[in-house]
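Engineer: Chain A is fixed; fit chain B onto it per the hints.
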Amino acid sequence: MDQFVCVRIVQANALDLSLFQFDYDLTFAAFFMNADKTIYGRFGTRSDTKDATRDISIEGFRKALVSALEWHKQYPANKDLFRDKRQAESKHKTPAEYPSLRGKFKATLNYDKNVARSCMHCHQIHNARQRLYRSQRKPVPDHIIYPWPLPTVVGLSLDPREMAKVRQVTKDSLAEQAGFRSGDEIQSINGQPILSIADVQWVLHTARDGNKLKAKVVRNGQEQSLDISLERGWRTKEDISWRTTSWDLRRMAAGGLHLIRLPDRDRRKAKLTGKEMALFVDHVGQYGEHAVAKRAGFRHDDIIVSFDGRTDLMSETELFAYVLKKRMAGEVVPVTLIRGGGRLKLKLRMQ
Amino acid sequence: MRFRLSAILAGFLVLTTATAQAQNKRDDKVKEDRKNVSELGDWNYNDLPAGMAEAKKTGKPLLIVFR
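Order-wise, the sequence lines are chains A and B. Going by numbering that gives the first Met the number 0, the first residue of the first sequence is number 0, and it counts up by one from there. Going by numbering that gives the first Met the number 0, the first residue of the second sequence is number 0, and it counts up by one from there.
Just chain A, same shape as in the assembly:
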């Protein structure tokens, strides 16, 4: 660590969004870079609401640090390799330029009074992006609904104790079609050197439907080239319900309800098969815009079996995505639910 200049940032106020592009839902994220603002790599991955450490490890972090140091020694001869680790300038240079955040935070924290309140949280940046589309009554695009896809979305389970080593390849996945095998060590994708799972996520985050990703892996000491073809809708297999930003999506799409897939044993009781839509109301928001569903008559323990005529929304994520793409704020949708063994129809206003 003493070979680095270490900087700890605790707030997103006045963050340079053209430089610090990362998964804003993380509670721990790291950048390895140099004074020229060349980014060698990122670190930090998460896929669970409560467990922030499941997808990262100290061993993986140490290996990433070592690689970053090695690349720094070779700089600037290797400068071009890192060109795509940053995207083009963001239209919004700082979070405060988003309409929903404008005027709400000062550039620096106020340690003299209400310091916690003066702190903009990173996830608020992503919320501001979602809100921008909603306020303009535009469908929210996939790359905003499903940011920073985990490698599992293309069928790659990577070992958190390594930089980017394949632990498992999902059967019939895009990664399997590309020829990935467990034990493969990903060296680069589209020419970008990879030092962490977050680096793989960066490439996925910036990729679009129809893109082809060219990966270089080391297998049994030999370098191999593998191509992943990203078919239409590849991102939509991602589960976003763990994200902090989903709290605001619950307001927009479900009037403040927290929904979980009804467990199999409860399905049998409700006379529903595993293939039928059944979203259990696990929590009903109580205040303000998060209480729209409560005021519409929804209750804890209700089971939603139809939403706006759709009976194929099998998860909370799928319901969010449907609303964000197809239903605008102010529209009212019919919802059918099971309560106490009987069926009931309610109406829910989108926000």
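Simulated from the structure, these hints should not be mistaken for laboratory data. Any given hint could turn out to be false.
Said to hold, decoys possible - The following label-pair restraints were derived from C-beta to C-beta distances: (1) Ile57(A) - Asn35(B): 18 to 26 Å; (2) Ala52(B) - Lys105(A): 20 to 28 Å; (3) Pro138(A) - Gln22(B): 33 to 41 Å; (4) Ala269(A) - Val64(B): 44 to 52 Å; (5) Asn35(B) - Leu68(A): 22 to 30 Å; (6) Tyr74(A) - Gln22(B): 41 to 49 Å; (7) Pro75(A) - Val64(B): 18 to 26 Å; (8) Ala76(A) - Gln22(B): 49 to 57 Å.
Unchecked claim - Okay, derived cross-link-like pairs now, DSBU-like style, lysine-lysine, Cα gap no bigger than 35 Å in a straight line: (9) Lys112(A) - Lys34(B); (10) Lys28(B) - Lys62(A); (11) Lys105(A) - Lys28(B); (12) Lys36(A) - Lys28(B); (13) Lys213(A) - Lys59(B); (14) Lys164(A) - Lys34(B); (15) Lys59(B) - Lys90(A); (16) Lys62(A) - Lys78(A); (17) Lys344(A) - Lys324(A); (18) Lys324(A) - Lys293(A); (19) Lys92(A) - Lys325(A); (20) Lys55(B) - Lys36(A); (21) Lys215(A) - Lys59(B); (22) Lys59(B) - Lys28(B); (23) Lys103(A) - Lys30(B); (24) Lys59(B) - Lys36(A); (25) Lys92(A) - Lys24(B).
Unchecked claim - Heads up, incomplete: computed chain B residues facing chain A, CB under 10 Å, no partners named: (26) Gln22; (27) Leu47; (28) Glu53; (29) Leu61.
Predicted model, so just to flag it, every value in this text is computed and none were measured. Built from N, CA and C at the ideal position, the CB exists for glycine as well.
Structural biologist: Relative to chain A, chain B alone:
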């Protein structure tokens, strides 16, 4: 009616006091964090320009952590 109003006011006071206490706790935690990390001496706490200047001067790479 008077009793009802008193009950609402009492409830409001309890709520605002609890909220203020939670706010103070969070403020204390943020301040404590700054003190602890700054005392370690190895980190530029919440000061990116200082970190950039040090990296330029020393030629070292930067490790920037958002936490």
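Engineer: Indicate, hint by hint, whether the structure satisfies it.
Structural biologist: Evaluation of the provided hints:
The given range of 18 to 26 Å is respected by Ile57(A) and Asn35(B), whose C-beta atoms sit roughly 20 Å from each other. For Ala52(B) paired with Lys105(A), a C-beta distance near 23 Å keeps the hint of 20 to 28 Å intact. Distance hint check: the CB atoms of Pro138(A) and Gln22(B) are about 38 Å apart, consistent with the given range 33 to 41 Å. Evaluation of the 44 to 52 Å hint for Ala269(A) and Val64(B) yields a pass: the beta carbon distance comes to about 47 Å.
Checking the proposed 22 to 30 Å range against Asn35(B) and Leu68(A) shows it holds: the Cβ atoms sit about 26 Å from each other. The given range of 41 to 49 Å is respected by Tyr74(A) and Gln22(B), whose C-beta atoms sit roughly 45 Å from each other. Between Pro75(A) and Val64(B) the CB atoms are about 25 Å apart, so this pair conforms to the stated range of 18 to 26 Å. At roughly 52 Å, the beta carbons of Ala76(A) and Gln22(B) sit within the given window of 49 to 57 Å.
Between Lys112(A) and Lys34(B) the CA atoms are separated by roughly 16 Å; this keeps the pair inside 35 Å, and the hint holds. With a CA separation close to 31 Å, the supplied pair Lys28(B) and Lys62(A) stays within the 35 Å bound. Straight-line distance between C-alpha atoms of Lys105(A) and Lys28(B) comes to about 20 Å, which keeps the hinted pair within the 35 Å bound. Our distance criterion of 35 Å between C-alpha atoms is met by Lys36(A) and Lys28(B), whose separation comes to about 31 Å.
The straight-line distance between the Cα atoms of Lys213(A) and Lys59(B) is roughly 31 Å, inside the 35 Å bound, and the hint therefore holds. Only pairs whose Cα atoms come within 35 Å are accepted, and Lys164(A) paired with Lys34(B) is rejected, the gap being roughly 38 Å. Note on Lys59(B) and Lys90(A): the hinted pairing holds, with a Cα-Cα distance of about 31 Å set against a maximum of 35 Å. As the CA atoms of Lys62(A) and Lys78(A) are separated by approximately 21 Å, the hinted pair is consistent with the 35 Å bound.
Only pairs whose Cα atoms come within 35 Å are accepted, and Lys344(A) paired with Lys324(A) is accepted, the gap being roughly 23 Å. Simply put, Lys324(A) and Lys293(A) have alpha-carbon atoms about 24 Å apart, close enough for the 35 Å limit, and the pair holds. Taking the CA atoms of Lys92(A) and Lys325(A), the gap is near 29 Å; set against the 35 Å cutoff, the hint holds. Distance check on the hinted pair: Lys55(B) and Lys36(A) sit about 11 Å apart at the alpha-carbon level, within 35 Å; holds.
With a CA separation close to 29 Å, the supplied pair Lys215(A) and Lys59(B) stays within the 35 Å bound. With a C-alpha separation of about 31 Å, the suggested pair Lys59(B) and Lys28(B) falls inside the 35 Å cut-off, and the hint holds. Simply put, Lys103(A) and Lys30(B) have alpha-carbon atoms about 21 Å apart, close enough for the 35 Å limit, and the pair holds. The straight-line distance between the Cα atoms of Lys59(B) and Lys36(A) is roughly 12 Å, inside the 35 Å bound, and the hint therefore holds.
A threshold of 35 Å between alpha carbons decides the hint, and for Lys92(A) with Lys24(B) the separation of about 32 Å falls inside it, so the pair holds. Given the 10 Å rule on beta carbons, the hint for Gln22(B) holds: about 7 Å separates it from the nearest Cβ of chain A. Proximity of Leu47(B) to chain A holds as hinted, the smallest CB-CB distance being about 6 Å (cut-off 10 Å). Residue-level restraint check for Glu53(B) holds (minimum Cβ-Cβ distance to chain A is 5 Å; threshold 10 Å).
At about 5 Å, the closest approach between the beta carbon of Leu61(B) and any beta carbon in chain A falls short of 10 Å, and the interface hint on this residue holds.
Comparing the model with each numbered hint stated earlier shows that hint 14 is the single one that does not hold.
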